[in-house]
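4 protein chains.
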Amino acid sequence: MEIAGPTELLAYRLVGRELTSTATLVEVRGRRVGDGFFGLIAGPCTVETREQTLETARAVAEAGATILRGGAFKPRTSPYAFQGLGLKGLEILAEAREETGLPIVTELLDPRDVEAVAEVADVIQIGARNMQNFNLLAEVGRLPKPVLLKRAPSATIEELLMAAEYVAKEGNARVMLCERGIKTFERATRYTLDLSAVPVLKRETHLPVIVDPSHAAGRSDLVLPLARAAVAAGADGVMIEVHPQPEDALCDGPQQIRIGDFARFADEVTKIVALMGKTVG
Amino acid sequence: MEIAGPTELLAYRLVGRELTSTATLVEVRGRRVGDGFFGLIAGPCTVETREQTLETARAVAEAGATILRGGAFKPRTSPYAFQGLGLKGLEILAEAREETGLPIVTELLDPRDVEAVAEVADVIQIGARNMQNFNLLAEVGRLPKPVLLKRAPSATIEELLMAAEYVAKEGNARVMLCERGIKTFERATRYTLDLSAVPVLKRETHLPVIVDPSHAAGRSDLVLPLARAAVAAGADGVMIEVHPQPEDALCDGPQQIRIGDFARFADEVTKIVALMGKTVG
Amino acid sequence: MEIAGPTELLAYRLVGRELTSTATLVEVRGRRVGDGFFGLIAGPCTVETREQTLETARAVAEAGATILRGGAFKPRTSPYAFQGLGLKGLEILAEAREETGLPIVTELLDPRDVEAVAEVADVIQIGARNMQNFNLLAEVGRLPKPVLLKRAPSATIEELLMAAEYVAKEGNARVMLCERGIKTFERATRYTLDLSAVPVLKRETHLPVIVDPSHAAGRSDLVLPLARAAVAAGADGVMIEVHPQPEDALCDGPQQIRIGDFARFADEVTKIVALMGKTVG
Amino acid sequence: MEIAGPTELLAYRLVGRELTSTATLVEVRGRRVGDGFFGLIAGPCTVETREQTLETARAVAEAGATILRGGAFKPRTSPYAFQGLGLKGLEILAEAREETGLPIVTELLDPRDVEAVAEVADVIQIGARNMQNFNLLAEVGRLPKPVLLKRAPSATIEELLMAAEYVAKEGNARVMLCERGIKTFERATRYTLDLSAVPVLKRETHLPVIVDPSHAAGRSDLVLPLARAAVAAGADGVMIEVHPQPEDALCDGPQQIRIGDFARFADEVTKIVALMGKTVG
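Residue numbers (the numbering used here), protein chains in the order written: chain A, 455 to 735; chain B, 455 to 735; chain C, 455 to 735; chain D, 455 to 735.
Hints may be right or wrong, so weigh each one.
Because identical chains share one entry, a pair is satisfied inside a single copy or across any pair of copies.
Claimed, not checked - Straight-line Cα separation of at most 25 angstroms, DSS-like style, residue types lysine-lysine; simulated pairs:
(1) Lys656 - Lys725
(2) Lys542 - Lys725
(3) Lys542 - Lys623
(4) Lys599 - Lys725
(5) Lys656 - Lys599
(6) Lys623 - Lys732
(7) Lys656 - Lys732
Calculated from the structure, these hints are not laboratory results.
Given these sequences and hints, build the entire structure.
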């Protein structure tokens, strides 16, 4: 009575473990993710102003973050919502990198922006809504930059692996996979963080696995327990949203943790990273 | 305990019923969908060959289809699956139109293909995977062509309306919305066709609402009962996949109905269309 | 990568089509459901008062309902919500039957109430929350009364068939299956009515299939379009909640249609029943 | 456009944090769960034979388990599957307790079995399928025994709290809540373990929160990483299935870990328990 599942045709040869047994280590500006190294990715949801971004970047750098996140192009459900600063946002991110030394991960939305984004980004993010934007995947597959690929909230783990395969097939196998919550009936959280995906992915693929508890929960009070859980489940990194005044954020305020709380967050997470035998990279 | 829902910011002003009370009628090459007219959209999942496409086009035209569907650019979960004939496929569709007189609906995947697709397509399809590809939505919002916008399998009805608002905001309000199944835990069908979406959408928006039972069910034996149900729920059209030999189809064979079965299908559906006081357009 | 599905062990021998090819016809007090006969089941969500129940019973009987529904024992999410009139409610239902001649369907919650409920009920309802209360299923499997078995909002179609098999295994094969919505991420409706379940069930089993659009939608404005769709999908009956003043109902007011609207509802549904070649029984 | 959520009527007064600010500590035969004490609950899915049960009980006791689990009455999807040893199973569990000193948690399915089960069980389990069997909840609410209440795979966190309130309302507030996976579209695991539920529950209620990764994953290889993650998310205990020969188990073999692997499992989990400042009770 069951509809046929994926066929052999759908194998993920390059990102699977059959051909490649060693774990992939992604290195960028001296920072490392995977193969025993843990990525502590933090920063604002969105680049709103120069001040907000630099203040956040300094704070997370000081507290031990290894990569700075921040959105310049923001995909928003409504056409009337703030869509990000675009190129101006990229400039601010570049300045934050210069000041803190942290590599930058930022999202690419449109194949026509590849060059502009690649000029600033150290890691190119493909957002959840574009996980199956196959032409965009092929574009970043041809870049000499690591990719952070977010799981769509309705994608199976297998579909995520297939999306990574689109990138790898073009020659770029430096892909980090990111679980950020799936859509379910539960309403206490925005999405349901699927932490089972972490050990499943670790078994299926040699790529690093990152967890984003901020988007999944949609509530800042759950970010620390879920980040801890992600590490304990075997994740190679977490990605966290931080803001100087979350209550004034232009986007996703309730899920961003306060700058002042990030140092304790980093400490707590680092303890479990150590227990798991990994090193913050 | 519940996460905040959409705010007022997220209203869909242009596609909602508040400002526009009359139903939108989409006309294309003399065929009509909406405002009492029913669209019977049929054709192959994918343009595979000239023969397969022309044979299918003739059969559905003769049986009363009003619009011909067919994919030239195919988004596929696996990078190793058949990706469509591309430009060559568009040429074949143009020939099918010339021969049958039926307007063509075909999918646009990449903003860089807008011109090529718009040259042939009478209606531009935005597929489920691109429902929140906001730059692509803006592109088709600037075209003088109707758009068929498919609901993503994880999108709420509200998110679908927001996506349509992206198109309308650029000046193109000739958008047809298409329900094609959402992801649930049920495994007897590929997706779960959400027919409640039809009356909900009819109440919320003035745009025509189409239902695609072929993709939702993933099984050809369910296509007729679900198409009937869609009409009875108030849909303004159905979109059906038809193939000369479904067992040999390069894509989605199990859900395509056989050419020879389409005439009966059209008859059965038309009876309910009439009962609902509508006219096949 | 997929978890193993149901094994052969899990077959539904008695309710499946392999051994029994003819459709099951359930007859009760001269009313028929299945094998070409359509059940129009209507009544209050809950028996609140003698007056409310009798008034509703008369109205739905006059408008053509064939079976009267009404809850005496109500399973409620909160222990502080109204739990039904219990035995007193059964007495009121018996009086409504005497006056209208309509057979009664009402819910059994506890195996210890079997005798009391069976004394009044013509059809025993097993509610969605008890679909896998296997001891309760076995109890009603030993009664000489038809059973209306509701699908749990998280049950697969296969699990529903297995639950029916529990009843049939004890000797009672007069089971009507009822689809009433599954839990999904969509929030515009309370549950998502899975109308694909109707043709899937009709293919898998010889038992009658009923649809309850009231509970599924949770909104009275969707009840008519969804009931129509259910008939068009092949359902053998619908079950509808009706109330004299829905705004004052003690339970589920927003989903109950007004007494005065039921006659038009019955007319509209009957037209599609006729088109489908069935007879309201 | 959204259906109304739960009203004030649906508050969980007794199990919520408003009236009771201190964490509930459940003590049973000297073992403790909650308020800083961690429960390591382990044992066979089902009591199959005296030998299998005693062998497992000894092994988990020696490795540090604090409570022994084991099913005597098994709810099974199919009426043709093994339904448990019933009363005979309870006797075997009593013998295992005598030998190991471990308190017993076992499931109650039917209100008519309350006395028989309560005679042997130290903790009464209400299974996921009975989470909203409100009469059964009221029964155990009148017992002088702790209750382990499993979340149904389609229940919201709020519904779980309401179910606990049914028990507490009858006078028994010694309820442990158990997350064991919810139904989603993902197919790599049997259910999706909702670890966000742990911190959400810890914030909403003073009751202990247990996690069952065995049922959630349906695969033994995920049990350790998910158990670790549960502890790191703040759980007060885990419940694990263990079997001498999982490949020969009469029920749920693929999710049971081997006796010989349990000692390492307990060690690994205990490290995180300590890091979280808790003590295995």
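Practice prompt. Determine which of the earlier numbered hints do not hold for this structure and return their numbers in increasing order.
Written response: Those not satisfied are hints 2, 4 and 6.
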